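Undergrad: Residue-level listing of the chains:
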Amino acid sequence: GDSVTQMEGPVTLSEEAFLTINCTYTATGYPSLFWYVQYPGEGLQLLLKATKADDKGSNKGFEATYRKETTSFHLEKGSVQVSDSAVYFCALATSNTGKLIFGQGTTLQVKP
Amino acid sequence: DVKVTQSSRYLVKRTGEKVFLECVQDMDHENMFWYRQDPGLGLRLIYFSYDVKMKEKGDIPEGYSVSREKKERFSLILESASTNQTSMYLCASSLNGFNSPLHFGNGTRLTVT
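So the sequence lines, in the order shown, correspond to chains R and V.
Quick note on this note's numbering: the first sequence kicks off at 1 and runs consecutively.
Quick note on this note's numbering: the second sequence kicks off at 1 and runs consecutively.
Bear in mind the hints are in silico, worked out from the structure with no lab data behind them.
Computed from a prediction, not measured in an experiment: that's the story for all the values here.
Ideal Cβ positions, reconstructed from N, Cα and C, are used throughout, including at glycine.
Watch out, some of these pointers could steer you wrong.
To give an idea of the chain V side of the interface with chain R (calculated C-beta under 8 angstroms), a few residues [as the list claims (entries may be wrong)]: (1) 43; (2) 75; (3) 80; (4) 105.
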């Protein structure tokens, strides 16, 4: 079945460091891909999305490119801030199931 | 702005009790979802609904049921709470179609003792 695999956390970085969180997926059909973020004490909110191969989603300095050949959707940011500390979830949805399937989440901690 | 409201932030119940978790959205969204969130497991879908009075089982429906009598309200019911249902429960809604982003509530932390 469809699935999403994220890199294990936690990821600890210093402020202004470069961030990459890896995400790979397995899906039948042509999924849409998403990154959600969960700040402490809050629900998840959409960070960015891409709906077809080679699309790049971007928001708040974060970017991710839909790579069909490597079935990946890695999240990147050039310079992280303390306020980026949160849990990041990669997810996919397909028209086959109509459901959103999440990875296990990656905790990011940014230190000043 | 979109708002999904879960009735309780924290809840403590005893084993065997019947538990109701309520969720209300104010965006006239068609779709509503219940997930549970556990460390290392991410979010797992319990039940979802694409319309009033309609429900579909997710990946882990055992021990749960749902009710959607009105478009804006989606209730999760634990018929007889057990300790392995101690978890964070997240409600979400989306407009329509599988591409629509989900809007989440802040979650209910349920402890079953």
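Undergrad: Against chain R, with CB atoms and a cut of 8 angstroms, does the hint on residue 43 of chain V hold up?
TA: Hint holds; residue 43 of chain V Cβ to chain R Cβ min 4 angstroms, cut 8 angstroms.
Undergrad: Using the nearest Cβ pair, does residue 75 of chain V come within less than 8 angstroms of chain R?
TA: Violated: closest Cβ of chain R sits about 17 angstroms from residue 75 of chain V, beyond 8 angstroms.
Undergrad: Interface hint check: residue 80 of chain V, Cβ to nearest Cβ on chain R, cutoff 8 angstroms. Holds or violated?
TA: violated (26 angstroms)
Undergrad: Tell me if residue 105 of chain V is really an interface residue toward chain R, meaning its C-beta lies closer than 8 angstroms to one of theirs.
TA: Holds, about 5 angstroms.
Violated hints, in rising order: 2, 3; the structure is consistent with all others.
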